[in-house]
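If you read the protein sequences in the order shown, they are chains E and W.
So for the first sequence, the working numbering puts the first residue at 1; every next one is plus one.
So for the second sequence, the working numbering puts the first residue at 1001; every next one is plus one.
Heads up, some of the hints might be wrong.
For lysine-lysine, the following DSBU-like pairs were computed, each having C-alpha atoms within a straight-line distance of at most 30 Å [said to hold, decoys possible]:
hint: 1; chain 1: W; residue 1: 1236; chain 2: W; residue 2: 1059
hint: 2; chain 1: W; residue 1: 1159; chain 2: W; residue 2: 1171
hint: 3; chain 1: W; residue 1: 1372; chain 2: W; residue 2: 1333
hint: 4; chain 1: W; residue 1: 1103; chain 2: E; residue 2: 184
hint: 5; chain 1: W; residue 1: 1043; chain 2: W; residue 2: 1103
hint: 6; chain 1: E; residue 1: 496; chain 2: E; residue 2: 406
hint: 7; chain 1: W; residue 1: 1236; chain 2: W; residue 2: 1333
hint: 8; chain 1: E; residue 1: 496; chain 2: W; residue 2: 1042
hint: 9; chain 1: W; residue 1: 1372; chain 2: E; residue 2: 184
hint: 10; chain 1: W; residue 1: 1043; chain 2: W; residue 2: 1367
hint: 11; chain 1: W; residue 1: 1367; chain 2: W; residue 2: 1333
hint: 12; chain 1: W; residue 1: 1059; chain 2: W; residue 2: 1367
hint: 13; chain 1: E; residue 1: 184; chain 2: E; residue 2: 29
hint: 14; chain 1: W; residue 1: 1103; chain 2: E; residue 2: 496
hint: 15; chain 1: W; residue 1: 1059; chain 2: E; residue 2: 184
Label pairs and their calculated CB-CB ranges [to be verified]:
hint: 16; chain 1: W; residue 1: 1039; chain 2: E; residue 2: 198; range: 54 to 62 Å
hint: 17; chain 1: W; residue 1: 1320; chain 2: E; residue 2: 199; range: 30 to 38 Å
hint: 18; chain 1: E; residue 1: 344; chain 2: W; residue 2: 1308; range: 31 to 39 Å
hint: 19; chain 1: W; residue 1: 1212; chain 2: E; residue 2: 496; range: 25 to 33 Å
hint: 20; chain 1: E; residue 1: 581; chain 2: W; residue 2: 1305; range: 47 to 55 Å
hint: 21; chain 1: W; residue 1: 1039; chain 2: E; residue 2: 534; range: 22 to 30 Å
If you're looking for bench data, these hints aren't it; they were derived computationally from the structure.
These figures come from a predicted structure and were not determined experimentally.
Just so it is clear, CB atoms sit at the ideal spot from N, CA and C, and this is done for glycine as well.
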Amino acid sequence: MTDTLRASVVSSTAGSLLVPQRITSRELKTVTGLSEAVRRFAGVQLRDYGGVGGLRTVNVRSLGSEHTGVFVDGIQVDNAQNMQVDLGRFGLEGLGSVSLFSGQKVSPLQSAKEYSSASALYLDSADPVFRPGKKNNFIFGTGVGSFGTISPRAIWEHEFKGGTALRLTGEEVSSHGRYRFHVKDYRQYPDGSLAGYDTTMTRANCDLSGIRTEARLSSPRSSDSFWNIHAYFYGSGRGLPGPVYKKAGEYPLSSDRQTDRDAFLQGRYVRKIGEDWSLALRAKLSFSHLEYSDFPELVPGGSPARYNYRNHSSYLSAAASRLVWKFRINLAQDLQYDYLDADLRDFVYPGRLSSWSCLSTVFQTGSLDASANLLYLLERDSFLSMGDRSSAKRDALMPSLVVRWKPSGRLAFNGFAKRSFRMPTFNDLYYTTVGSKTLDPEDAVQLDLGAEWTAVETGRNHLAMKADFYRNLLRNKIIAVPTSNQFRWSMYNLGKVSVIGGDLSAEFVTRFQEGEAGAVARYTLQSSRDRSDREALTWNGQIPYIPLHSGSLNLYGSVSGWRADLTLFATGERFTTSANLPAYRLAPWTTLDAAVSKDISLKEGGLSIKARLNNLLNERYEIVDNYPMPGFNFMCGITYSF
Amino acid sequence: MNKYALLVFSMAILAVSAGCTKDETTSRDSGLAGVNVAVGEKKGAFSKLFVLNEGNYQKNNSTLDFLRFSDGNYVSDAFGSMNPAVVQGLGDTGNDLALNDGKLWVVMNGSGYVHVLDARDETLLSSIAVPDPRYIAFDGSHAYVSSYAGAIYGGDETKGKVYRISLDTYKIDGEVEVGCQPEGIAVSGNSVYVANSGGYNYVHENTVSVIDRTTFKVTSTVEVVSNLHFLVADSKGTIWVSSYGESAWTQDADGNWIQNMSEPMGLYKVAGSTVSSMNNVHVSCMTLCDDGNIYAIGNAAEMDGGFNNTLYKVPVGGGSVTAVALSATDAAKVGNPYGICVNPKNGDIYIGDADYTGPGKVWCFTKDLKTKWSAVAGMLPAHMVLY
């Protein structure tokens, strides 16, 4: 029983039946943003609109970013409005690890919502560590880099009497965000001649200024109970540069602006009750306010159209776990209410009550672990219709089965089958300006078989490989394509997508007296076919934005406090529509990033310096069509802690 | 002596190249192969059918295609191929295409340009910056372009404009304020007529503005119905204007959302200040053909929430309207009729078929709606012109 509790105490991902892909705090030190870390995972496609303030979301195994839940300490970051979680809004300091579960995470005392998303990204905080005799840690740092970016931050960690620990974090970021990019197109003619253009432009209206403050209280470690409370605030204002397209005159492509205020307060309490039972309670209140201002570019001085969106959300979860013979039974019940207020014309003010009920069993015998889970999602929307509140119901039953067999200490096989539903967002359903109001939930079925093999494990060398092959079927897929800007979308049910994929990764580490060196290679194959309409040109085409091949290679070495890191990302050709014609092809791209860092131990603390050079080869590329990414850029950081 | 030889040789080359440009079969765009889609298509009275693909909003993927009647080949993105050095190509969101005096005028709404092309080989002659241009019409000396003039959805109510472009200089030499979000435009007699949609307003507009060509001022405003869109003028001076109708979203007992039309997407005849409705003609796209008919496609069952795409032939000189349900013909294969053009010589009907997830198609049917050919077009093929 204490195992269960310890697992929960250490992190929300420890003790899981399936082993996730994980990036540890050591690796996190070499990156400057969360998205840089997450894009390394196999099976992940990062959607990045470029620049400091550009939206960054992840898409796991071609299921779409809305199918990936992002969890902070095991509690989901929600956005009922659009289910997009911008990875640019989370800091790295204070994080212990970042883990990606493709399929089903099964660990003791997890909440019902943790069973609901097709994939899950876990951001786990590290509890503060105090040197003997110390009660306070202070960390001051700043980042400086390209695009006029400055990001100072300060952290104070304090241990109260009795062992309760507090961490206060404050970070500010400001950047003009401008960068130059190329617009080019060359055509090859039948006679062999080549003609075209290559011109340089500057991305404008892409400034960002933001502030993030967090406070986290964590209880002393005890074998009977623990708790933590986490308060978060993020506020920002930014220009929305929009896509690049031909535009006459001196008018800007976009002068649109967005301001955000996101806040949440969440807590978790885990307790052992008697000899057999343990219990976890989770609660969260969150609020976000977004103001979007659409400026009439052609009427300088004209007043903008302003839209305000206020998301309110409250969440409560209870989970209980008990061991019955060789079965661990986990029962969880979550309740949530979301409400969206917006000052749109004819807005329907949608509210959504959701209930997740989950029964999960884990069976353990010898080298075999198996888990069967059943989740029932009951969802009731209420909204204004013809002056009255009207309602809609969307319920879903989501079963999953997970098996892991470990015939030896070095070899493990795993597999899962899972069906999950992604509910239409408020934006999908209730936008009055764009979008369809007749959307079904997306239905995702995942089948996966995988193996992990530690080929070499000596004190000096470590070589491990992991392979996963999967078959995903997505029905009623809702495709969101940015139209006038990043914030307004047009929606349609694309229909059916059939995915056959493989994630392969290999990790090699060799340790020597003064340090270590290693390599991590990851490759992703995704044949994601549009099976919506047999008569259409799009039939059986690769779906938009998913490359058939993609991968990354990370090489690193560390010696006496120095660490160097080289990362190569490669993405094969993609298309902007499932009709895979040359006119809609996006060119493959490769980027090379390097990072160097040095930790210096001082008598009373430490100094850490890092420099990160992104896109060393100055590759000109686009992840999202008509959103050019920056060329070479750098970011330096210095951190002093005592 | 050498100098003279060179001169003679140059003149010979000039003569040959001049000969080439005159002869359509060896026009500079004849090198564009395209895809053979229309085997057996006779050259007839026209050499090309131009197709303007609107492209997706702010995707900069509007393209100009053509079907060459001499060999039945469909050439995609002819503008890009003939003008490779033009930065960002045709541009964003093509909204109208018109032929005037051997020149092709392409109205680019998103990019804020009106391009003038040589219709023989699609080479760019001039790009005129016009804010938010929508539709174009001509008289002997000028082009007239309707414009939203910087209005944004949800913003301040902003009046639209009509810009006047000189055909000699390709420069704007006049502008006049009209109603909000003006759309279709036509020249008739000494007037320019423009349909005001008021599409961004809470309550749509319902008028046609009449502009005097001599003074270039609005002389009168005719009330028709709300949300006007296409506008054409026939040879007798009668104005024909369509409405995009009015709709409201409601929910049925099962919770499904339905779009109910409260006013149809109708066709209206404006003779002076007399407005009459062409009852039961539904218009999602329309064209005035030189054969004296308006051809329109619309959903005949729109008021009942049903689906029955119908081709209407409206004789502008009077006489009965014919309506043919597409479902009973080869044209049942057309998913989303997005643009229409009719060959006045042989009666062939060309339909642009939009697919909102991928490239669209261009269909060619005989006047009895039997399939002749179809071709894969670009994104949202909407506007067609015969040359």
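Tested hints:
no. : hint                       : result
1   : W/1236 - W/1059            : 41 Å, violated
2   : W/1159 - W/1171            : 22 Å, holds
3   : W/1372 - W/1333            : 13 Å, holds
4   : W/1103 - E/184             : 28 Å, holds
5   : W/1043 - W/1103            : 20 Å, holds
6   : E/496 - E/406              : 35 Å, violated
7   : W/1236 - W/1333            : 36 Å, violated
8   : E/496 - W/1042             : 41 Å, violated
9   : W/1372 - E/184             : 38 Å, violated
10  : W/1043 - W/1367            : 17 Å, holds
11  : W/1367 - W/1333            : 16 Å, holds
12  : W/1059 - W/1367            : 35 Å, violated
13  : E/184 - E/29               : 36 Å, violated
14  : W/1103 - E/496             : 45 Å, violated
15  : W/1059 - E/184             : 15 Å, holds
16  : W/1039 - E/198: 54 to 62 Å : 39 Å, violated
17  : W/1320 - E/199: 30 to 38 Å : 57 Å, violated
18  : E/344 - W/1308: 31 to 39 Å : 33 Å, holds
19  : W/1212 - E/496: 25 to 33 Å : 57 Å, violated
20  : E/581 - W/1305: 47 to 55 Å : 35 Å, violated
21  : W/1039 - E/534: 22 to 30 Å : 25 Å, holds
The structure shown violates the earlier hints numbered 1, 6, 7, 8, 9, 12, 13, 14, 16, 17, 19, 20.
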